[in-house]
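All chains, full assembly: derive it from the sequences and hints.
In order, the protein sequences belong to chains A and B. For the first sequence, numbering that gives the first Met the number 0 begins at 0 and goes up steadily by one. For the second sequence, numbering that gives the first Met the number 0 begins at 0 and goes up steadily by one.
Treat the hints with caution; some may be incorrect.
Taking lysine-lysine and the BS3-like style, the derived pairs with C-alpha atoms no more than 30 Å apart in a straight line are [what the hints assert, rightly or not]:
id	chain 1	residue 1	chain 2	residue 2
1	A	Lys-238	A	Lys-190
2	B	Lys-123	A	Lys-190
3	A	Lys-18	A	Lys-157
4	B	Lys-123	A	Lys-181
5	B	Lys-123	A	Lys-217
6	B	Lys-29	B	Lys-77
7	B	Lys-123	A	Lys-132
8	B	Lys-189	B	Lys-105
9	B	Lys-105	B	Lys-29
10	A	Lys-181	A	Lys-238
11	B	Lys-123	A	Lys-238
12	A	Lys-217	A	Lys-157
13	B	Lys-20	A	Lys-36
14	A	Lys-131	B	Lys-123
15	A	Lys-36	B	Lys-29
16	A	Lys-157	A	Lys-131
17	A	Lys-190	A	Lys-157
18	A	Lys-18	B	Lys-20
19	B	Lys-189	A	Lys-238
20	A	Lys-157	B	Lys-123
21	A	Lys-181	A	Lys-217
Beta-carbon label-pair distances, calculated as ranges [to be verified]:
id	chain 1	residue 1	chain 2	residue 2	range
22	B	His-117	A	Asp-56	43 to 51 Å
23	A	Lys-36	B	Pro-144	28 to 36 Å
24	B	His-117	A	Ile-253	54 to 62 Å
25	B	Ser-42	A	Asn-57	37 to 45 Å
26	A	Gly-179	B	Gly-150	39 to 47 Å
27	A	Leu-107	B	Arg-67	34 to 42 Å
Take a look, some chain A residues computed to stay more than 10 Å from chain B by CB distance [said to hold, decoys possible]:
id	residue
28	Val-17
29	Gly-29
30	Glu-33
31	Arg-37
32	His-63
33	Asp-87
34	Ala-113
35	Gly-120
36	Ser-121
37	Ile-200
Simulated from the structure, these hints should not be mistaken for lab results. A virtual CB, placed ideally from N, CA and C, is assigned to each residue, including glycine.
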Amino acid sequence: MLAKRIIPCLDVTDGRVVKGVNFLELRDAGDPVEIAKRYDDQGADELTFLDITASSDNRGLILHIIEQVASQVFIPLTVGGGVREVEDVRRLLNAGADKVSINTTAVLNPQMVADAAQRFGSQCIVVAIDAKKVDNQPFEWEVFTHGGRKATGLDAVKWAQHMASLGAGELLITSMDRDGTKIGFNNPLNKAISDAVEVPIIASGGVGNLQHLVDGVKLGGADAVLAASIFHYGEYTVKQAKQYMAQQGIEVRI
Amino acid sequence: MKNTDIAVVDYGMGNLRSVAKALEHVAPGKSVVISSNPDEIASANRVVFPGQGAMPDCMRELDARGLRAAVLEAANNKPFLGICIGLQMLFEHSEEGDAAGLGLFKGQVRRFATADMHDRHGDKLKVPHMGWNQVYQSRGQGRAPHALWQGIEDGARFYYVHSYYVQPDELSLVAGYSEYPNSFTSAIAKSNLFAVQFHPEKSASAGLQMLSNFVNWLP
Numbered sequence: 000m001l002a003k004r005i006i007p008c009l010d011v012t013d014g015r016v017v018k019g020v021n022f023l024e025l026r027d028a029g030d031p032v033e034i035a036k037r038y039d040d041q042g043a044d045e046l047t048f049l050d051i052t053a054s055s056d057n058r059g060l061i062l063h064i065i066e067q068v069a070s071q072v073f074i075p076l077t078v079g080g081g082v083r084e085v086e087d088v089r090r091l092l093n094a095g096a097d098k099v100s101i102n103t104t105a106v107l108n109p110q111m112v113a114d115a116a117q118r119f120g121s122q123c124i125v126v127a128i129d130a131k132k133v134d135n136q137p138f139e140w141e142v143f144t145h146g147g148r149k150a151t152g153l154d155a156v157k158w159a160q161h162m163a164s165l166g167a168g169e170l171l172i173t174s175m176d177r178d179g180t181k182i183g184f185n186n187p188l189n190k191a192i193s194d195a196v197e198v199p200i201i202a203s204g205g206v207g208n209l210q211h212l213v214d215g216v217k218l219g220g221a222d223a224v225l226a227a228s229i230f231h232y233g234e235y236t237v238k239q240a241k242q243y244m245a246q247q248g249i250e251v252r253i
Numbered sequence: 000m001k002n003t004d005i006a007v008v009d010y011g012m013g014n015l016r017s018v019a020k021a022l023e024h025v026a027p028g029k030s031v032v033i034s035s036n037p038d039e040i041a042s043a044n045r046v047v048f049p050g051q052g053a054m055p056d057c058m059r060e061l062d063a064r065g066l067r068a069a070v071l072e073a074a075n076n077k078p079f080l081g082i083c084i085g086l087q088m089l090f091e092h093s094e095e096g097d098a099a100g101l102g103l104f105k106g107q108v109r110r111f112a113t114a115d116m117h118d119r120h121g122d123k124l125k126v127p128h129m130g131w132n133q134v135y136q137s138r139g140q141g142r143a144p145h146a147l148w149q150g151i152e153d154g155a156r157f158y159y160v161h162s163y164y165v166q167p168d169e170l171s172l173v174a175g176y177s178e179y180p181n182s183f184t185s186a187i188a189k190s191n192l193f194a195v196q197f198h199p200e201k202s203a204s205a206g207l208q209m210l211s212n213f214v215n216w217l218p
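Next up, the structure:
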């Protein structure tokens with residue numbers, strides 16, 4: 000049976016893997032290859048690198064990290080952040096990424112998602128959707144861009160369907176209400192999207208404990224769960240997370 | 000000039016770096032080239048035939064580069080490993096874009112049904128089939144497992160990402176299968192050829208073991 004996936008997410012800025020508390024006091028998290036290997040050894044099913052570099056001048060630096068990691072760690076690697084053109088997708092794939100995650104650009108230029116999927120295949124195109132609960136719209140969850148600062152007027156569920164129809168092979172759903180809160184995923188949002196699309200969804204934003212991962216699958220219908228801080232700060236290993244999920248009756252790769 | 004040890008066939012579709020890097024990792028002393036040159040592929044000792052994207056595009060690009068003959072020659076004569084679309088293209092026909100394949104084997108490439116697929120927990124099954132699934136090795140009675148399964152547990156998990164699967168006419172080709180939710184063929188073998196639907200280059204230790212078996216395989 001297909002296993003539900005656990006995906007640790009690593010932040011990268013100016014070519015360094017960093018960890019910080021709510022984007023404050025970013026500190027080097029260590030050698031990217033060592034970190035990736037550690038998660039691989041613990042049984043991570045994939046790794047996601049999120050480029051949070053502020054200046055576009057330094058954004059190419061992530062390519063070196065991906066190249067290093069891809070020659071040593073043989074599980075799927077996804078890279079997101081600052082992907083604006085089909086050419087950016089090509090560069091990341093050539094560096095060794097297996098999937099590229101497109102966020103703000105998907106909203107500004109949806110055709111880019113279609114073009115990238117056409118050129119490289121849907122299997123490597125992930126569309127990241129940042130959604131927030133709203134009460135000023137005829138729908139429940141609205142798509143936001145620019146790290147959650149800009150409202151788009153788009154219904155997150157309909158947007159998810161549209162992105163899948165344009166060729167996204169997977170959707171990464173981040174609840175902006177939950178991100179950083181450690182109170183759990185937004186399961187109603189994830190469930191609404193998971194039921195509405197045919198492609199796999201990754202739940203993101205809000206994980207504080209292992210039960211949240213279980214709930215993400217059981218209540219949110221997630222095919223994969225993404226988490227950062229619970230793994231980075233050594234609260235739990237990926238292995239512990241998988242053992243807990245298995246105890247709760249979830250199929251995982253152990 | 001020394002022959003290339005391992006040629007990875009490049010017909011312009013998708014990312015071949017992962018495959019090449021994984022091969023370099025398991026075969027440090029050997030030369031691995033990503034090649035779209037028919038002569039180079041013809042002279043290589045082993046050939047890996049990967050593929051990503053849509054099969055009609057893959058077939059078109061393969062022909063546009065004049066690689067059909069070199070791929071067929073390799074598939075018939077030397078250690079050959081097909082991966083993902085590189086497995087599907089070996090068959091006669093795909094439902095994807097109603098495309099003709101290389102026709103090396105009789106059979107069809109079909110899409111997973113999308114409506115009402117559920118696993119035994121009642122969870123909706125998505126398409127593409129993406130992630131780690133168990134691969135069961137076909138073992139005929141009294142026969143040893145295929146050399147490419149050496150050191151790999153029966154039922155080990157490999158990484159998949161695909162929406163189509165092969166349905167060979169000849170059941171004797173089947174070397175492995177997985178379930179989603181029904182059984183489908185995930186590996187085939189015939190003399191010097193082995194081909195898989197999953198991605199050994201992204202399947203951690205089980206995948207590296209398979210690639211290592213391939214580079215040492217003497218069919």
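**OP:** Could you check that no beta carbon of chain B comes within 10 Å of the beta carbon of Ser-121(A)?
**Re:** violated, 7 Å
**OP:** With 39 to 47 Å as the target window, see if Gly-179(A) and Gly-150(B) comply at their CB atoms.
**Re:** holds, 43 Å
Original post:
Straight-line Cα separation of Lys-123(B) and Lys-238(A) no greater than 30 Å?
Top reply: OK: Lys-123(B) and Lys-238(A) at ~25 Å, within 30 Å.
Original post:
If you draw a straight line from the CA of Lys-123(B) to the CA of Lys-132(A), is it 30 Å or shorter?
Top reply: holds, 25 Å
Original post:
Does Lys-123(B) lie within 30 Å of Lys-131(A) when you go C-alpha to C-alpha?
Top reply: holds, 25 Å
Subject >> Status of His-63(A), Cβ more than 10 Å from any chain B Cβ >> reply: holds, 14 Å
Original post:
Do the alpha carbons of Lys-189(B) and Lys-238(A) lie within 30 Å of each other, as the hint requires?
Top reply: violated, 38 Å
Original post:
Is Lys-18(A) within 30 Å of Lys-157(A), Cα to Cα?
Top reply: It is violated: about 33 Å lies between the C-alpha atoms, which goes past 30 Å.
Original post:
Between Lys-105(B) and Lys-29(B), does the CA-CA distance stay at or below 30 Å?
Top reply: violated, 34 Å
Subject >> Verdict on Asp-87(A) as a residue remote from chain B, using beta-carbon distances over 10 Å >> reply: holds, 14 Å
Original post:
Is Lys-217(A) within 30 Å of Lys-157(A), Cα to Cα?
Top reply: holds, 22 Å
**OP:** Given the hint that Lys-181(A) pairs with Lys-238(A), test it: the Cα-Cα distance must not exceed 30 Å.
**Re:** Distance of about 20 Å is within 30 Å: holds.
Figure legend: structure checked against the earlier numbered hints; hints not met, in rising order: 3, 9, 19, 24, 35, 36, 37.
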